[in-house]
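Those sequence lines, one after another, are chains A and B. Heads up: the first sequence begins at 1 in the numbering used here, then just goes up one per residue. Heads up: the second sequence begins at 1 in the numbering used here, then just goes up one per residue.
The hints are simulated quantities; they were obtained by calculation from the structure and are not laboratory data. Bear in mind the structure is a predicted one, so any value in this text is a computation, not a measurement. Possibly wrong hints are sitting among the right ones.
Incomplete in silico selection of chain B near chain A, CB under 10 Å [as the list claims (entries may be wrong)]: (1) R6; (2) C20; (3) G22; (4) R23; (5) V24; (6) L28; (7) L32; (8) G39; (9) R46.
Backbone N, C-alpha and C fix where the C-beta goes; we use that ideal spot for every residue, glycine too.
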Amino acid sequence: MLEVAKKEEIEILTCSEVESIEGNVGDFKVRVRKKPRYVKEELCNGCGACAEVCPVLTPNSFNLGLGAKKAIYLPFPQAVPRTYIIDMEKCIKCKLCEKACIRKAIDFDQKEQVIDLEVGAIIVACGGASYQPRLGEYGYGRYANVITQFHLERLLAPNGPTGGEVVRPSDGRKPKKVVMIQCVGFRNRNENEYCSNVCCMVALKNAMLLKQHLRDVEVFVCYTDVRAYGKGYEEFYVQAREHDVVFLRGRVGEVVEDADSGELVLVVEDTLSGRVLELRADLVVLSTGVVPSDDLRKISEVLKLERSPDGFLKEFHSRLAPTDTKKRGVFICGDAQGPKAIDVCVAQAKAAAASAISLLSAGEVELELTTAVVESERCSGCGLCELVCPYSAITVNEVAVVNELLCRGCGKCAATCPSKAIYRRGYRERQLEAYIDGLLA
Amino acid sequence: MAGTMRLQYPATLRPIRVPCAGRVSADLIARLLWRGADGVIVVGCRAGECEYENGNIMATRHVEMVQDLLELMGIGAGRVVMVYCSSAEGRYFAEETMKISEKLRAIGPNPLKMRKADELGVESKQTPNDPPR
């Protein structure tokens, strides 16, 4: 991300939302609303003097509430740009930060900005969101020591809230037994039907990290399938088993807390041995997955992009064009199209970028001669064609006019026109007549 | 697909290719019957599978329109049939068209078979969408 920020040709707009997009490929008009940070980006150097004097402590959302941040903060340690931002809802306006900032970068009067951009192509890479287990799902939200893999990763991170120490949220003690539950929120009809792709490998990775961080920790993984399909993945799974990570094939039925010992008690059927087991654990980690984010919903409405049944953005063709969309000039990549591992995200990002580049460097769009044509002398302006066109490609004022960029050549307009004033190239009435002549001679 | 799979479908079936079943207008179907076809089968994609969103729905409406007209005229709605089939379903296409062909054989030939314009000694008018003279 730092490399991207350094390039002069790339402009990064943070704290911004795309409000509307009009126009067509080569000529999109994008309106962006940039929310105020209350800190001047040109002046702030990320020194942190402001945060040191800020008296307000508030839960750190990057650490998923496991740590605190000040009202003026850096979103996360590697944030680009390295510019502080004030959470105005928590700020008490004591203005101590303003006094502490030697570069005079703090600006409580900073206003929202509207930025209008003209672009030729658009790539949507807004990512996904992490699934939030329901209250009580496997004890989540009820017992402090039931967390998700995302929480565990923050505990494992050296720059996380505990400096890389994995501890139980309830009492800060190191866990001796950790149970991971796979497929939480996925692969079922009640929540999400799809498989979230990455959670098996995340669990394996975190299980191995736990073995490194905590000597003698016992790690159990309760799984439905272990989906280790990628390069080096199966070998990693074997390695995890060699490091005594125990894999139990079965869904966990229930998680309750033993009030006396503070342990969590799980009931799981080990389908390979046919026994029902009771597991006692210090920490339960739910492997949840990726769901479409609210941003994704918003952008799909702004751009009028379709979504697949699982809620992610719909690709033009799942096999042959996974980064294209039905809208010419709009590309998608990464988790916005569906949950996937980092290597596939990168491959898709490169594909989308390459598609955008080849589109823009050509300077023109090549259309196939499969569009509709209006014979304006015959057109009465009745507007029936405009109504039936599924792509809103026809506008009728006095006569019908076809937008050839939007027309996909289905021919419905030609079938509907009472005057036969509009025809679909290659399938004119006369051409079909000739066809019929030959067939019924 | 039926062809590449070397499946038998009626020898009397004459296919007309269109970009989408939605291109098939009611008057096109009617004209086929006027010109002497004993039956017209409109093949469209299955529900929810139309590449152009709703072409199969439009085609169904056009077929139903013509069927109503044929009923009124006493020619019989059975001469025009709507079939939902994907381009990958070679076997289904072959079986369905065979079944329909049998039914049409039972109904009998088209009473509307009209003689060609030149037989009647009438000059054929220029049809729509001709390039200007």
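Here is what the structure says about each hint:
no., hint, in the structure
1, R6, "22 Å, violated"
2, C20, "4 Å, holds"
3, G22, "4 Å, holds"
4, R23, "3 Å, holds"
5, V24, "6 Å, holds"
6, L28, "7 Å, holds"
7, L32, "6 Å, holds"
8, G39, "12 Å, violated"
9, R46, "16 Å, violated"
In terms of the numbered hints stated before, the structure departs from hints 1, 8, 9, listed from lowest to highest.
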